[in-house]
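Heads up: the sequence lines are chains D and B, in that order. Going by full-length UniProt numbering, 49 is the number at position 49 of the first sequence; the sequence numbering is gapless. Going by full-length UniProt numbering, 138 is the number at position 138 of the second sequence; the sequence numbering is gapless.
The hints are simulated quantities; they were obtained by calculation from the structure and are not laboratory data. Note that the structure is a prediction, hence the values are computed from the model and not measured. Where hints are given, some of them may not hold.
All copies of an identical chain are treated as equivalent in the list; a pair is satisfied when it fits inside any one copy or across any two copies.
As the list claims (entries may be wrong) - Result set (BS3-like, lysine-lysine): computed pairs, CA atoms no more than 30 Å apart in a straight line: (1) K254 to K442; (2) K43 to K442; (3) K254 to K35; (4) K35 to K442; (5) K43 to K254.
Number of protein chains: 2
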Amino acid sequence: MSEADLKDEEQAGEEESARAEAAESESLDEDNRLKPEFVRSVKEALDQEDADRVYDLVEPLHPADIADLFELVDERERLTLARAIRDLMGVEVIAELNDWVRELLVEALPADVIADIAEQLDTDDAVAMLEDLDEEDQQAVLAEMEPEDRAAIESALAYPEESAGRLMSRDFVAVHESMTVGDLIDFLREHRELPTEFWEVFIVDPMHRPIGTCSLSWILRTPRHIPLYDVMARDQTLIPAAMDQEEVALRFQKYALISAAVVDASGRLIGQITVDDIVHIIQEEAGEDALLLSGAGDGDINEPILLTVRARLTWLVVNLATAMLAASVVGLFQGAIARFALLAVLMPIVSGMGGNAGTQTLAVAVRAIATNQLTESNTVRMILRELRIAVANGTALGLLIGVGTWLIFGNPLLGAVIASAMVINNLIAGLMGILVPVTLDKFNVDPAVSSAVFVTTATDTMGFFSFLGLAVLTGLA
Amino acid sequence: MSEADLKDEEQAGEEESARAEAAESESLDEDNRLKPEFVRSVKEALDQEDADRVYDLVEPLHPADIADLFELVDERERLTLARAIRDLMGVEVIAELNDWVRELLVEALPADVIADIAEQLDTDDAVAMLEDLDEEDQQAVLAEMEPEDRAAIESALAYPEESAGRLMSRDFVAVHESMTVGDLIDFLREHRELPTEFWEVFIVDPMHRPIGTCSLSWILRTPRHIPLYDVMARDQTLIPAAMDQEEVALRFQKYALISAAVVDASGRLIGQITVDDIVHIIQEEAGEDALLLSGAGDGDINEPILLTVRARLTWLVVNLATAMLAASVVGLFQGAIARFALLAVLMPIVSGMGGNAGTQTLAVAVRAIATNQLTESNTVRMILRELRIAVANGTALGLLIGVGTWLIFGNPLLGAVIASAMVINNLIAGLMGILVPVTLDKFNVDPAVSSAVFVTTATDTMGFFSFLGLAVLTGLA
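Start from the sequences and build out the full structure, keeping to the hints where you can.
Here you go:
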């Protein structure tokens, strides 16, 4: 390369970076989201079938922003957009797409085009793209691929969904323990086919079992003649290929890993997982608690609406059954209510407050279980802690509502009854809020998925029963 | 170092790694959590004040597991444990400790000991340790520190809480653009004071403004004579020091970053943030939705119980007010209920199911807003989507409960009334479930914190009002 060329390259580089910055400020708001005005212009251009204008608008965007754009336009516009910016739809965009959007696009493309894209993607991204296709389409795409890439994807698909085997990349650098730092640098410079981005080099024994890792920073800082054997860290976290991705994410987090070796059942190094692939999983797994607790299922706003309706309705029907159970408790006291209708006015306060308190405890317990903070070792202590909180809150709320009721309705007995019911229901709430998730977890049921039904059933029925029951017992009605 | 020395080191290394593995299988369960039996032995040894046995038990653990152990023993045992394993309490353990546990330990230690620990920690970890101390203690610790370390921490503390400036590390590698790859490698080998772990080298101009970054893998694979200017990536994500950590986490995730340069207001490079510090934040920010939506506050199980009670009680009292509002709606219909007590039996079903449906929509909307998936560009589409879901679910549930009520109580009008109320309340739930968080977000209020109160108030009051109101209107009671 001549000096003049270099200069041109420099200038081109500067221009490109300047243009990218200008484009960013035009298209991104202060929170780094695509501006509504920008999305509107794209949608207008799509409406007018002005593919050139769409291309000009989208071209300066970062691949991650192009991926976001697909989510922000309407569903029926997504295919048109993909067609208009065909040669911007590089692997970075495909890898960043929301699962549902990707599925939509992939299903619309012919098998050979998908195969072309899949071959350019890292194995883990290619697997993510292909795993949701139905068996037949998947086979059609695989048939179009180069044997080597096909083998890699097929072997990944052989691992269970959401396992380390699906997540790992087969591109990694592993060298023999006998190398020196200099050997390694030469090896890296000579072998152009190695992955371009990696953060650690794995050192393996003759059986290809990992025995240590070297951070690139240590390699760069060590004289060439030193054997890798002397700079490598022996203490490394090995990920079995069958490990669930949530577990993988917890290890990355716990040990602050940047990358980790994935090993097969015989301990041989077969892949690596890097933290950038884990970040999405941590986000998803941590964020799904709120969705699961509410019974919103997947909760992704791009999910096809029929799937969403089905997921939410299933949950609502289960809750309907429990609501009817609670109603039947009220039914036992119909006579009392007919005599003293004020009971019907006050009873939702007792059940509702119990529900709120139960949900609080439940949210804390589910989170603590998911992050391995709540284990068998501290379960008893946590139960006692929740009971103490329940006593404190139940007493405070009971006094508040009891005195309030007394003053408003001039009926001290009614005040005492609602206060007692409130204390009882808060205790039920605290106890069930922690016992239900802990028990489900013990039986390997995800506590986020099904705890809420049990807890609210308990607080509803016991709220009505304690309040109405006490009212009858004390001769109020 | 002689060959014999090397051999000894190797053997020592092998022994250490073998021992660590054995210890792991003894102390960790299949989910990588400390075994209850193990924790029990530690607690027994603590009870018996057998410091040596505690030390022997804990010594083989990974620092992250030692940090976990502190969470698993009782609060009153934590200081004893810290004393028993004093020289295992290295920076890795301190950095991994839960915030509340660290605060407890730090408050019990004299200022000069904390200063010693803080000097060994990375700036970001030292800041995390000191920021929760009260002003006076903080000053006492800072006074004990070396001027250089003190200055770094003071400048970090000058940034707002939870900002990039607090999070960043001041240890990074930045070199001038004129260097070649060979110059850089020599520079790294010569300067032993540089950080030991880094993933990227920042290239700066003479004003110390970042103009590009080099992954270490590119440096390792490039011949020595090539200028850095030609291998560096110009397109980089710069983090302003004042940026909120949640925003930083979203950028890391969106652009799959391993590390990023932090710049001050004039664009000068002042620090770096690495992904391992971000992983915790992503986890926390994503996980806190469930806690905030339920009003459980911080939700950490190590939070002092009085703070927990206060946070939860505040929320419950707010909810008590809204429950009383809903009760007052029921109060309007006391006469109708006295005439026809069955209304009181069925009304909690309508309000409860509306509450469940509203919570589902709310959880989805809050999540989508937090991940920048729901922006102004697609708000209208999302509202329409939720309305369609509400119509579908409301109709299905209305039919189910309406027909059920008709069959059970032999009253078709009662069935029609509860079915209609169910449809109405599901629409309210869907609409409020998305409008409330979107509106709060527009006014820069965190929708996870306060949406739930508004949504359940709406579904409770409207559930009662639509059911009881329709009952009166149709002449049922």
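Here is what the structure says about each hint:
For the homomeric pair K254 and K442, the shortest alpha-carbon distance inside one copy (22 Å) is at most 30 Å, but the shortest distance between copies (36 Å) is not. With identical chains, the CA atoms of K43 and K442 are at most 30 Å apart between copies only, with a shortest distance of 23 Å across copies and 51 Å within one. In this assembly of identical chains, the alpha carbons of K254 and K35 lie at most 30 Å apart only when taken from different copies (16 Å versus 37 Å within one copy). Only between protomers do K35 and K442 lie at most 30 Å apart by alpha-carbon distance; the minimum there is 14 Å, versus 47 Å within a single protomer.
Proximity of K43 to K254 under the C-alpha cut-off of 30 Å is restricted to the inter-copy arrangement: shortest distance 23 Å between copies versus 44 Å within a copy.
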